[in-house]
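Residue numbers (our numbering), protein chains in the order written: chain A, 1 to 447; chain B, 1 to 476.
I should point out that these hints are in silico values taken from the structure, not numbers from a laboratory.
Wrong hints could be hidden among the right ones.
Claimed, not checked - DSSO-like mimics (lysine-lysine), calculated; alpha carbons at most 27 Å apart, straight line:
| hint | chain 1 | residue 1 | chain 2 | residue 2 |
| --- | --- | --- | --- | --- |
| 1 | A | K210 | A | K140 |
| 2 | A | K140 | B | K93 |
| 3 | B | K132 | A | K314 |
Just so it is clear, the structure is predicted and the values come from calculations on it, not from any experiment.
The primary structure of each chain is shown beneath.
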Amino acid sequence: MELRELAELVVKEALRLGADEVAAEAVRSVSRQVRFANNEVTVSKTWDALEVHVYLAKDRKVVGTSLANVQPEAIRKALSDLMSLLAVMKERPDYAPLPQGPFDYEPVPGLYDERLAELSEKAIDMVEAAINKALEAGGKRVAGTFAFGEEELFLLTSRGVEASDRKTKAELVVRALADGESAGVGLTCGTRLKDLDPELAGEEAGRYAKLSLRLEKLDAGRYDTILGRPAAAVFFDIVAGMASAFNVDSGLSCLAGKLGQQVASEVVSIYDDARLEGGLGSRPFDDEGLPTARKPIVERGVLKTYLHNSITAKRHNTSSTANAGWVVPRPWNVVVQAGDRSDEELLAEVRHGLLVNNITYVRFQDYAKGDFSAVIRDGVFLVENGEIKTGVRGLRLSDNVLNMLRSVRALSEEARQTAHWWMEWGSPAVVTPLVLIGQVGFTVPTK
Amino acid sequence: MKDLADMAVELAVRLGADYAEARFHEDSANFYVLRNGVPEMAGFDRARGIGIRVLVNGALGFASLNKPDKALLEQRVREAISMARASARTRKKPIRFSEERAEEASWEARAREPMEEVPLEEKMELLYDIEKVLTDRAEVGVQVPFRLLELIERTTERYFVNSEGARISCRVPRVEFFSITTAMEPGRGTEQDMVQKGASKGWEAVREWELLEMLKERVKRLGVVLREGVSPPKGAIDLVLGSEVVGLMVHESCGHPYEADRILGREAAQAGESFVRPDMLGQRIGAEIVSVVDDPTLEGSYGFYLYDDEGVKARRRYLIKNGIINEFLHNRETAAALGVSSNAAARASGYNREPIVRMANTFMLPGDYKFEELLEDIKLGVYIKTFGEWNIDDRRFNMRFIGREAYLIERGEITRPVRRPVLEITTPGFYGSIDAIDENLAFDAGTCGKGDPMQGVPVWFGGPNVRLRKVALGGL
Numbered sequence: 001m002e003l004r005e006l007a008e009l010v011v012k013e014a015l016r017l018g019a020d021e022v023a024a025e026a027v028r029s030v031s032r033q034v035r036f037a038n039n040e041v042t043v044s045k046t047w048d049a050l051e052v053h054v055y056l057a058k059d060r061k062v063v064g065t066s067l068a069n070v071q072p073e074a075i076r077k078a079l080s081d082l083m084s085l086l087a088v089m090k091e092r093p094d095y096a097p098l099p100q101g102p103f104d105y106e107p108v109p110g111l112y113d114e115r116l117a118e119l120s121e122k123a124i125d126m127v128e129a130a131i132n133k134a135l136e137a138g139g140k141r142v143a144g145t146f147a148f149g150e151e152e153l154f155l156l157t158s159r160g161v162e163a164s165d166r167k168t169k170a171e172l173v174v175r176a177l178a179d180g181e182s183a184g185v186g187l188t189c190g191t192r193l194k195d196l197d198p199e200l201a202g203e204e205a206g207r208y209a210k211l212s213l214r215l216e217k218l219d220a221g222r223y224d225t226i227l228g229r230p231a232a233a234v235f236f237d238i239v240a241g242m243a244s245a246f247n248v249d250s251g252l253s254c255l256a257g258k259l260g261q262q263v264a265s266e267v268v269s270i271y272d273d274a275r276l277e278g279g280l281g282s283r284p285f286d287d288e289g290l291p292t293a294r295k296p297i298v299e300r301g302v303l304k305t306y307l308h309n310s311i312t313a314k315r316h317n318t319s320s321t322a323n324a325g326w327v328v329p330r331p332w333n334v335v336v337q338a339g340d341r342s343d344e345e346l347l348a349e350v351r352h353g354l355l356v357n358n359i360t361y362v363r364f365q366d367y368a369k370g371d372f373s374a375v376i377r378d379g380v381f382l383v384e385n386g387e388i389k390t391g392v393r394g395l396r397l398s399d400n401v402l403n404m405l406r407s408v409r410a411l412s413e414e415a416r417q418t419a420h421w422w423m424e425w426g427s428p429a430v431v432t433p434l435v436l437i438g439q440v441g442f443t444v445p446t447k
Numbered sequence: 001m002k003d004l005a006d007m008a009v010e011l012a013v014r015l016g017a018d019y020a021e022a023r024f025h026e027d028s029a030n031f032y033v034l035r036n037g038v039p040e041m042a043g044f045d046r047a048r049g050i051g052i053r054v055l056v057n058g059a060l061g062f063a064s065l066n067k068p069d070k071a072l073l074e075q076r077v078r079e080a081i082s083m084a085r086a087s088a089r090t091r092k093k094p095i096r097f098s099e100e101r102a103e104e105a106s107w108e109a110r111a112r113e114p115m116e117e118v119p120l121e122e123k124m125e126l127l128y129d130i131e132k133v134l135t136d137r138a139e140v141g142v143q144v145p146f147r148l149l150e151l152i153e154r155t156t157e158r159y160f161v162n163s164e165g166a167r168i169s170c171r172v173p174r175v176e177f178f179s180i181t182t183a184m185e186p187g188r189g190t191e192q193d194m195v196q197k198g199a200s201k202g203w204e205a206v207r208e209w210e211l212l213e214m215l216k217e218r219v220k221r222l223g224v225v226l227r228e229g230v231s232p233p234k235g236a237i238d239l240v241l242g243s244e245v246v247g248l249m250v251h252e253s254c255g256h257p258y259e260a261d262r263i264l265g266r267e268a269a270q271a272g273e274s275f276v277r278p279d280m281l282g283q284r285i286g287a288e289i290v291s292v293v294d295d296p297t298l299e300g301s302y303g304f305y306l307y308d309d310e311g312v313k314a315r316r317r318y319l320i321k322n323g324i325i326n327e328f329l330h331n332r333e334t335a336a337a338l339g340v341s342s343n344a345a346a347r348a349s350g351y352n353r354e355p356i357v358r359m360a361n362t363f364m365l366p367g368d369y370k371f372e373e374l375l376e377d378i379k380l381g382v383y384i385k386t387f388g389e390w391n392i393d394d395r396r397f398n399m400r401f402i403g404r405e406a407y408l409i410e411r412g413e414i415t416r417p418v419r420r421p422v423l424e425i426t427t428p429g430f431y432g433s434i435d436a437i438d439e440n441l442a443f444d445a446g447t448c449g450k451g452d453p454m455q456g457v458p459v460w461f462g463g464p465n466v467r468l469r470k471v472a473l474g475g476l
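Build out the structure end to end from the sequences listed, making use of the hints.
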């Protein structure tokens with residue numbers, strides 16, 4: 001069954017059953033992945049999926065479903081079950097109707113590359129190139145994943161929206177280990193084959209792993225810190241996720257109540273850009289069918305907007321920002337405005353501090369206040385007088401989101417699109433340079 | 001689609017696979033959400049599909065599809081085989097699977113009160129009842145500006161078949177409750193509490209959890225900590241850790257590092273590796289009184305299963321026995337690599353995920369102390385009953401837990417609440433500092449994440465209350 005046919009079946013049947021409003025998003029995807037570890041491929045995978053996601057409203061009540069069983073009889077049964085569920089739901093005081101279409105959508109350039117869609121076994125050659133480069137640069141054991149594929153989407157609503165989109169995407173992560181613990185990571189990603197540089201990713205991973213071999217022990221304390229691009233991507237994903245109005249209204253954001261306020265230093269501007277050429281998260285329309293746009297979340301340190309769908313916008317007495325998510329509004333591409341100096345010049349500004357290339361395992365003690373800690377890895381270095389001196393092991397980043405945002409001193413000039421497997425709030429990608437933050441907190445185990 | 005699973009295995013063998021397996025899943029999840037008293041989108045996810053795995057020339061290929069289409073199935077099986085064949089050239093050492101008995105079985109977890117027989121109204125009403133209590137200051141003694149409450153019911157039906165003759169069917173219903181509450185006290189800030197409960201049962205589990213009373217009590221305690229919590233003491237002190245803390249600590253610092261795929265480096269790119277090496281089996285890691293097991297066979301548990309997703313019969317695994325590293329968690333690939341048999345730790349979160357090494361229900365075995373006996377000779381200490389923030393490094397050596405509900409222990413008695421004590425400790429530091437374990441074993445539920453793409457699987461973690469000697473609290 002074609003995507004249009006599937007979406008039409010859902011909308012027609014839901015209206016017949018008595019729904020006031022319905023949206024159906026049919027998605028077909030073929031994705032592939034080559035995983036590797038210890039310099040060898042560990043498994044190759046192919047996923048073939050056809051799914052339909054349904055939003056259904058009646059009498060100011062909202063229900064929904066995701067169906068990976070798209071046989072017509074299964075769809076009819078699911079819609080009938082949704083109607084039964086609606087009957088016992090209570091009205092939403094913040095209910096807002098879906099946007100009234102139709103709308104015109106300007107395609108986003110650079111989102112589909114046939115060569116990427118048909119890569120198949122050539123992917124293994126690219127993985128081998130990345131592994132070999134990481135080994136040449138000083139890695140001893142190399143692991144990673146190369147994921148790539150294509151996705152086609154068709155959105156139909158009972159409010160006159162009809163929209164479709166097709167894209168390819170690829171992400172290669174390479175992690176090299178020079179011994180049991182000294183590690184480095186390199187990433188490359190994009191929507192076109194030409195966006196990918198497996199050898200650069202391999203070289204960065206191997207180089208950082210080798211640089212981590214000489215170690216120095218540091219005490220807990222506050223250090224001027226440069227976040228590498230993987231670390232900065234995870235950090236700014238948190239900030240953008242906390243701008244989602246759902247999280248603001250759920251006690252999961254330290255940006256609550258701060259619209260129009262200075263939440264970051266003046267050098268920080270963060271945009272949500274669904275229209276980024278070649279952006280992994282680019283989309284001409286959101287899940288409600290509204291045309292998307294580029295917008296500032298934070299501009300010169302001031303919080304400009306939360307991210308909204310129609311319902312959260314109604315709750316906040318404003319307009320949707322075209323970031324639906326039927327439940328949780330979400331950023332499309334998070335773009336951090338680059339600074340005016342090279343990576344090396346940024347490093348030169350650190351007298352005694354740290355370079356933290358990657359962070360993972362982010363956990364909050366208090367989302368509402370922004371207190372969190374994170375594991376730091378894949379290249380953590382002591383920087384003395386602008387130069388990397390030694391690797392550092394055993395520290396943990398322990399600070400506060402707002403405190404870090406307000407302490408950003410400078411950013412480098414080269415922003416790169418960075419996909420990361422640990423995106424706390426699920427941004428598809430963050431375009432970020434290196435970021436220098438003053439006096440970031442780090443702790444150590446006591447026993 | 002079961003017949004397509006059989007067909008996939010036959011086809012793969014005919015096309016040259018040395019080994020082939022297929023899993024057909026029919027999975028559903030119904031969810032009900034209340035956010036600050038507003039019913040967010042309720043609904044369900046329903047998935048049905050087949051995952052196929054092949055071993056060809058010592059390399060693995062995997063494919064999944066959800067369209068019941070024979071031609072598409074054949075295309076994907078061919079692709080899995082050709083990709084495996086192409087990647088075999090990168091392997092210096094071919095992948096092999098351990099020899100295991102080809103089981104034929106059918107098993108299930110039984111719900112005494114199946115969720116589908118409970119009226120929808122009753123499920124939503126439960127959330128509204130909780131909401132009512134949490135927003136009544138007279139009940140909880142503190143302002144609770146944010147409440148996110150979620151009830152989820154899941155069912156998984158699986159059929160496993162492989163080229164060695166194994167055929168296993170199962171059906172498992174699961175129920176889960178999740179909440180995040182934020183308590184606020186003017187001038188004292190906020191404290192948040194997350195709760196996850198889960199069981200392979202029906203509505204009877206919801207009754208057993210006594211959610212209303214439990215959440216009321218926890219939020220009350222948040223208020224007390226907010227109003228009266230003092231700073232934690234400095235210097236080396238004694239600690240008593242509650243079973244909720246101990247449970248997650250053993251999951252993170254014993255379960256994960258004993259996963260043999262991490263030990264062998266297969267997860268190095270994302271989840272990471274392990275501080276444990278294969279030659280550490282038999283070495284001491286903790287005090288004689290410490291034993292940690294992982295047991296999928298606990299009836300009603302959230303991580304319950306009787307056969308894993310490679311068709312191997314499940315059993316209890318002793319990870320740490322009397323303080324000695326005793327056993328790792330294995331699937332058939334890691335077992336063959338280390339020359340042992342699989343202990344049935346292969347799990348896949350859905351039809352579209354490969355089975356990888358996972359925990360099920362990981363817990364420290366209880367001791368024979370009474371809780372009061374843990375406290376009685378402590379001059380100055382801290383009892384950390386529940387936690388908020390936690391994490392552990394990718395080798396599972398350096399971990400941190402911050403107390404949520406915690407108290408000062410003075411001269412053998414619990415006295416005042418303590419706010420946010422930071423326990424930052426190495427794994428050997430933790431196991432080596434335990435000197436007493438009480439008899440009160442309790443479990444909590446979680447969704448354990450691992451792999452890329454991410455696979456979340458239901459687990460329990462549990463433990464008794466334990467005492468640690470001479471540990472300094474951390475933080476800045």
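Q) Looking at the structure, which of the earlier hints fail to hold? A) No hint contradicted; all consistent.
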